[in-house]
Structure formats: structure tokens, C-alpha cells
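Protein chains: 4
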Amino acid sequence: MKNLNDKLKYIKLVVLDFDGVFTDGGIYMDPKSQGFRRFDVKDGLGIKLLQKNNFKVAIVSGSNSKIIDKRAEALGIKIVKKGISNKLEILKEIQDDLKIKKEETIFLGDDINDLTVLPNISLFIAPSDAHIGCKTKASYISKSRGGMGFIREIVDDLLISKNVDPYLPFETKND
Amino acid sequence: MKNLNDKLKYIKLVVLDFDGVFTDGGIYMDPKSQGFRRFDVKDGLGIKLLQKNNFKVAIVSGSNSKIIDKRAEALGIKIVKKGISNKLEILKEIQDDLKIKKEETIFLGDDINDLTVLPNISLFIAPSDAHIGCKTKASYISKSRGGMGFIREIVDDLLISKNVDPYLPFETKND
Amino acid sequence: MKNLNDKLKYIKLVVLDFDGVFTDGGIYMDPKSQGFRRFDVKDGLGIKLLQKNNFKVAIVSGSNSKIIDKRAEALGIKIVKKGISNKLEILKEIQDDLKIKKEETIFLGDDINDLTVLPNISLFIAPSDAHIGCKTKASYISKSRGGMGFIREIVDDLLISKNVDPYLPFETKND
Amino acid sequence: MKNLNDKLKYIKLVVLDFDGVFTDGGIYMDPKSQGFRRFDVKDGLGIKLLQKNNFKVAIVSGSNSKIIDKRAEALGIKIVKKGISNKLEILKEIQDDLKIKKEETIFLGDDINDLTVLPNISLFIAPSDAHIGCKTKASYISKSRGGMGFIREIVDDLLISKNVDPYLPFETKND
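Protein chains in written order, with this note's numbering: chain A, 1 to 175; chain B, 1 to 175; chain C, 1 to 175; chain D, 1 to 175.
The hints are simulated quantities; they were obtained by calculation from the structure and are not laboratory data.
The reader is advised that the hints may include incorrect statements.
The list makes no distinction among identical chains, and a pair is therefore deemed to hold if it is satisfied within one copy or across any two copies.
Lysine to any residue pairs mimicking SDA-like chemistry, simulated, CA-CA at most 25 Å apart [to be verified]:
id, residue 1, residue 2
1, 82, 33
2, 82, 170
3, 70, 33
4, 173, 30
5, 137, 156
6, 12, 48
7, 143, 118
8, 137, 172
9, 48, 33
10, 173, 86
11, 173, 139
12, 52, 135
13, 135, 156
14, 173, 116
15, 48, 30
16, 78, 34
17, 48, 64
18, 32, 82
19, 32, 69
Using the sequences provided together with the hints, build the complete structure.
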């Protein structure tokens with residue numbers, strides 16, 4: 001945990017997988033639906049806290065669903081990469097564009113298709129219900145499940161590492 | 001708990017946050033949806049018990065979703081304030097309109113954007129899955145999770161504090 | 001439990017509440033929806049086992065939702081009473097129509113608005129997540145939660161009480 | 001477990017029930033819906049790992065829902081048998097078509113209508129939340145619940161039995 005906090009305080013860029021991170025990994029479909037996802041209102045407030053504290057936020061997903069754009073827009077996330085097989089390559093592009101270093105990058109992912117980013121990040125955080133192959137290689141495993149406060153828990157850790165109190169009353173509208 | 005029961009018996013106005021209180025904090029969306037929420041039928045019966053026993057009921061939410069109006073209408077809740085950043089200000093307006101005092105007001109909330117109301121209420125109750133920043137400052141933390149019987153549990157406590165038995169057979173239609 | 005099994009073997013009519021019994025008590029809505037419910041495929045197979053073994057099955061609900069008719073039709077349940085405040089009265093009508101006695105009637109319910117039927121049934125069974133007021137007065141509390149195998153668990157108990165093995169391979173189509 | 005691993009290494013054909021295996025057994029419906037199901041993104045990745053490693057994959061379901069075809073198509077599953085009462089008969093047809101033997105066939109099922117296949121398979125695997133009648137006769141009961149990583153857990157076991165590491169980074173798009 002000491003190592004974790006040492007690394008957290010240098011983070012400037014938070015990169016998030018979509019399914020299993022913003023959601024609980026569930027895809028709800030009927031024959032006509034493009035696929036409902038379940039988001040968590042507390043995770044949404046977490047993204048707002050990141051933005052208020054000047055973190056860069058990006059989504060990198062293997063999925064190509066339009067719901068990713070819709071959720072990103074609702075939360076004001078501008079960097080959205082969809083349908084990505086090679087997540088390492090696209091991560092490097094994002095880092096180059098933003099002039100962000102490996103030491104300043106954290107990745108939140110839940111499955112083995114996220115692990116390709118490992119060489120170019122400082123911390124890989126997995127939710128408690130991540131795939132075992134992902135948890136084995138993670139820097140840290142959260143107490144929360146994906147889509148159930150996982151993002152918020154890590155946001156709180158990031159803020160604390162920078163001496164920002166994440167428990168203060170916060171005036172905001174929900175999404 | 002003694003303190004809690006002492007305060008419960010003076011309550012006349014129950015103010016509720018929406019997401020995470022009426023719901024489990026989940027927002028279900030597809031690219032076309034305005035966002036489904038999951039409500040609990042037992043919480044609905046709790047609202048009816050409040051009304052039958054002459055409590056005033058109000059919703060104060062940071063969200064601006066139309067589903068809030070729909071659920072409020074189904075449950076006969078007349079005071080609905082949406083898209084609210086500063087919940088303290090709007091709470092005072094409600095209290096003034098109804099001529100209800102601080103000592104007569106209870107608030108049910110689950111996140112740090114609810115904490116602004118603390119100066120003007122008697123009791124702040126958080127569900128067991130509330131954000132940690134919210135639980136730390138709550139008067140009491142329920143056994144139930146938000147959207148999973150949380151409202152009903154607190155309604156039962158309110159009725160018991162006024163010597164009304166909340167376990168008696170109750171003839172009513174569901175919503 | 002001896003008493004329970006003694007009574008189970010005389011049961012001919014199974015009366016079920018809808019929300020919290022066929023479902024987990026959740027009502028999923030967006031501004032346009034009439035309210036989605038979540039059913040359990042194993043409970044559906046339970047209803048088929050009841051029918052195959054010549055039990056009478058009826059739904060008595062306080063709700064007036066069209067989804068009750070739809071689910072009942074899919075499962076071949078013919079006796080469906082909706083929007084009922086006084087469940088005792090309607091239960092007596094059903095019993096009269098079918099010439100079924102109190103000793104032959106079991107009721108599955110999860111909240112205090114189901115308790116009015118108590119004078120005219122042999123057994124009242126509540127799911128493990130029923131309201132406390134309902135559990136206190138129940139003949140038996142199931143291991144399963146409502147909408148998560150509760151109906152099936154009680155069906156299995158009913159079959160066993162009549163020396164039918166509910167664990168045998170069963171050829172059927174799902175609904 | 002030794003016996004299980006001995007048998008796993010001969011498997012070439014994975015046959016899956018649908019409801020309770022690809023899903024958690026929930027059927028979400030409103031009066032107009034054909035029935036939403038909840039799928040798990042990690043199970044989807046499991047199907048892709050099976051295909052990459054040249055397993056044959058088939059769905060055999062008692063349900064006739066169109067959502068089965070939709071999910072199968074998204075995952076590239078070609079053998080889909082719907083509305084099946086007698087699962088043993090259709091299993092034999094699949095085995096004949098593919099020239100796959102009993103010893104090479106595994107079945108994933110969660111209820112007693114799946115048990116008819118027992119005479120013609122090597123292994124019957126049930127999720128931890130399967131019906132008790134199904135668990136009693138299963139070769140093995142998974143740690144995961146149906147629709148919550150159950151398929152993926154068994155895929156990992158299959159790969160390990162063939163000395164393939166299922167925990168390596170894997171470049172793929174999600175579905």
C-alpha cells in the first residue's frame with residue numbers, strides 16, 4: 001500500500017476500460033435492443049471529482065457500442081477509443097497527444113484483454129470481480145465490484161494521495 | 001439508538017434523495033433510452049404508509065430525469081425538486097412553504113452531494129451502501145441497501161416512534 | 001417442519017402474490033415504460049411442475065399491471081386477479097369457484113398487504129427477503145429470495161409431501 | 001478433481017443450455033417486450049477463447065426466444081437448437097453431424113430439463129446456483145453462478161487441461 005500511494009500521487013491520466021469497469025459486466029438485450037448497460041450513479045460522481053481536480057480521463061474499450069459515446073458525453077469524457085483490439089498501441093497515442101508519461105498513467109481494467117497495456121502504465125487496478133488472470137497481474141485489487149463503486153473507490157484513493165478530501169460535501173448535479 | 005428514537009418522534013417531513021435512495025444507484029441505458037431505474041415495491045408501500053400517517057414527503061434530486069416525476073406521480077408525492085445542486089437552499093424553501101422546523105425534518109441520502117443539507121435537518125439517514133463520506137456524517141446507517149427496502153426500513157422506524165404498528169395487515173393496491 | 005409437511009400434503013390450490021413472489025420486488029421503468037419485471041426461469045419450470053401434478057394455481061395481486069397477464073399467459077395460469085386491495089375476499093371467491101377448502105390452500109406472499117388472507121388458508125409462506133411484518137406471521141420462511149427460486153423451492157416441497165420426486169429429469173420447453 | 005481433469009482433456013464439443021447458463025436465469029419483460037436477458041461480457045470472451053482453441057460450441061435450449069439467435073450470432077456460435085424438449089435426441093444429432101464421441105462432449109446446464117443428456121456426455125457441469133436436482137447429478141459444480149462467469153470458469157478449466165494458459169494477455173474485441 002505504501003508503494004501504491006507513492007505511485008498514486010504522480011498520476012495525471014486515468015484510463016478506463018468500459019464493460020466491467022463503468023458497468024458490472026452485464027449486457028442486457030432483447031431481439032431488438034443494441035444492448036443496455038447498468039451504470040452506477042456514485043461512479044458518475046467520481047468522474048466529476050476527477051475533472052474538478054484536473055485529471056485527464058480516457059475510455060479505451062474493445063467494444064464498439066454506441067452506449068459508450070452516450071455515457072462518455074453525459075459525464076463530459078472527451079477521449080473515447082472504441083473497438084480496440086490492441087489497447088497498448090492506442091494508450092501510447094493518448095499519452096503522446098497529452099504529453100503524459102508512463103509514471104503518470106493509471107489503468108482500470110477487469111479482463112485479460114486489458115493486460116496488454118501493462119508495459120506503459122504505472123498502476124493497473126482491477127475490481128474485486130475481475131477475471132483471475134487480470135487480478136493476478138494487477139498492482140492493486142479494489143474492495144468494490146466493477147460498476148458498483150469501483151471507479152469511485154479509486155478516485156477517492158487518487159484524491160487522498162494528492163491531499164484532497166473526497167468526503168466533503170460537494171454541490172453537483174447528477175447524471 | 002435512544003437519541004435516534006427521541007428525534008424520530010418529532011419528524012413531520014421526510015425528504016428523500018432519488019438515485020441510491022428510491023433506486024439501488026443503477027442507471028440502465030441503451031443508446032436510445034432516457035435511463036431506466038429499478039424501484040422496489042416494498043419501498044412504494046412504505047411511501048403509502050407515510051401518507052396514511054400524515055407525514056409530508058418530498059424528493060430533492062441532483063438529477064433532472066423525467067423518471068423522477070413518473071415515480072413521484074405513481075406514489076402520490078407532490079413535492080418534487082429536480083436538477084438541484086444546492087440541496088440546502090431548496091430544503092429551506094420546502095420547510096418554509098410547509099412551516100416545518102429543522103427538528104421535524106429527516107433526510108435520506110447516499111452521497112456527498114446530499115451532505116449540504118446537514119445544518120437544517122434533525123436526522124440524516126444513509127443506506128448501508130452509501131458512500132463512505134456520507135456514512136461518516138450520517139445520524140444512522142440502515143441495515144438495508146438503497147433501493148432495496150431502505151425507505152421502508154426507515155418508515156417502519158418512524159411509525160414505531162409514533163406508536164403505530166407497521167407490521168399489521170394493510171389493505172392497499174401496489175404501484 | 002413436521003407440522004409443515006403434514007399440512008403440505010393436503011394442498012390443492014396454490015395462490016401467489018405477484019411482485020416479490022414471481023419477481024424480486026424490482027420495478028424497472030423509464031419515462032415511457034409500463035414497468036419491466038424480472039422473472040426467474042426456474043420458477044417458471046416450477047409452475048409447470050404444479051400443473052403437471054394437477055394443482056390449481058392462482059395469482060392475486062395488488063398491482064394492475066398488464067405484465068401480470070402476460071406472464072400468467074406464458075405460464076398457462078388461468079386464474080388471475082389484479083388490482084386487489086382486499087385479498088381475503090377475492091381468495092374466498094376463488095375457493096368457492098373451485099370448491100377448495102381452507103385446509104387445501106397455500107398462499108405465497110411477501111408483504112403486509114398479503115396478510116389479510118391469513119384466516120382462510122392453511123399455510124402462508126414468505127420468501128427470505130419478505131417484509132419483517134410478513135415473516136413474523138408466516139407459517140414458514142423459504143431459503144430462497146422472492147423471484148430467485150422461491151416459487152420453485154415451495155413447489156419442490158409440495159411435490160415431496162405427495163411423494164413425487166421433483167429432482168427427476170423433466171422434458172419441457174422453457175418460457 | 002483428478003477424474004475431472006482426466007476427462008476435460010478429451011473434450012472437443014462444448015454444449016450449453018441457454019437460460020441460467022449464458023444468463024443468470026432472469027427474464028426481464030414489460031407488456032410489449034419479447035424478454036430481455038442479461039449476458040456477461042467475461043463469458044463472451046470465454047466463448048472466443050474456445051473458438052480460438054478449436055473447440056466446437058453448440059447451444060441447446062428449451063426456449064424458443066429470438067434473443068438466443070442474436071447472442072449466438074454476436075459470439076459466432078453456429079450450432080443453435082431452440083425450443084427443444086428432448087435434449088438427448090438433439091445432442092445425438094449434433095454429435096453425429098460433427099463425428100464427436102460421448103467422451104469428447106461436455107454439457108453445461110442448470111435445471112432438471114437438462115438432465116436427459118446424461119447418458120451421452122462425458123461431463124455435466126452445473127453452476128453454483130443450479131437447481132438442487134441438477135447439482136446432485138452433476139460431475140462438477142462451478143464456483144461461479146450462471147451468467148456471472150460460469151462459462152468462463154469452465155473454459156479456463158478446459159484450456160488448462162490442454163496446457164493452454166488462459167491468463168495471458170489476449171487481444172480481442174468485445175461483444
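Evaluation of the provided hints:
1. When the C-alpha separation of residue 82 and residue 33 is checked against a cutoff of 25 Å, the pair qualifies both within a copy, at 19 Å, and between copies, at 20 Å.
2. In this assembly of identical chains, the alpha carbons of residue 82 and residue 170 lie at most 25 Å apart only when taken from different copies (17 Å versus 32 Å within one copy).
3. Taking the closest pair of Cα atoms, residue 70 and residue 33 come within 25 Å of each other both inside a single copy (15 Å) and across two copies (10 Å).
4. With identical chains, the CA atoms of residue 173 and residue 30 are at most 25 Å apart between copies only, with a shortest distance of 19 Å across copies and 31 Å within one.
5. Proximity of residue 137 and residue 156 under a CA criterion of 25 Å is satisfied in both settings, with 22 Å inside one chain copy and 17 Å between copies.
6. For a Cα distance limit of 25 Å, the shortest separation of residue 12 from residue 48 inside one copy, 15 Å, qualifies, whereas the shortest one across copies, 34 Å, does not.
7. Only within a single protomer do residue 143 and residue 118 lie at most 25 Å apart by alpha-carbon distance; the minimum there is 21 Å, versus 28 Å between protomers.
8. Only between protomers do residue 137 and residue 172 lie at most 25 Å apart by alpha-carbon distance; the minimum there is 18 Å, versus 36 Å within a single protomer.
9. Only between protomers do residue 48 and residue 33 lie at most 25 Å apart by alpha-carbon distance; the minimum there is 22 Å, versus 29 Å within a single protomer.
10. Within a single copy, residue 173 and residue 86 get their C-alpha atoms only as close as 36 Å, which misses the 25 Å cut-off; across copies the closest is 9 Å, which meets it.
11. Proximity of residue 173 and residue 139 under a CA criterion of 25 Å is satisfied inter-copy only: 24 Å between copies versus 33 Å inside one chain copy.
12. For the homomeric pair residue 52 and residue 135, the shortest alpha-carbon distance between copies (23 Å) is at most 25 Å, but the shortest distance inside one copy (30 Å) is not.
13. In this homomeric assembly, residue 135 and residue 156 come within 25 Å of each other (Cα to Cα) both inside a single copy, at 20 Å, and across copies, at 15 Å.
14. Only between protomers do residue 173 and residue 116 lie at most 25 Å apart by alpha-carbon distance; the minimum there is 13 Å, versus 36 Å within a single protomer.
15. For a Cα distance limit of 25 Å, the shortest separation of residue 48 from residue 30 across copies, 22 Å, qualifies, whereas the shortest one inside one copy, 32 Å, does not.
16. When the C-alpha separation of residue 78 and residue 34 is checked against a cutoff of 25 Å, the pair qualifies both within a copy, at 22 Å, and between copies, at 21 Å.
17. Taking CA atoms no more than 25 Å apart as the test, residue 48 paired with residue 64 passes in both settings, with 24 Å inside one copy and 17 Å between copies.
18. For the identical chains of this complex, residue 32 and residue 82 are neighbours both inside a copy (22 Å) and across copies (18 Å), given an alpha-carbon limit of 25 Å.
19. Within a single copy, residue 32 and residue 69 get their C-alpha atoms as close as 20 Å, and across copies as close as 12 Å, so both meet the 25 Å cut-off.
The structure meets every hint from the earlier list without exception.
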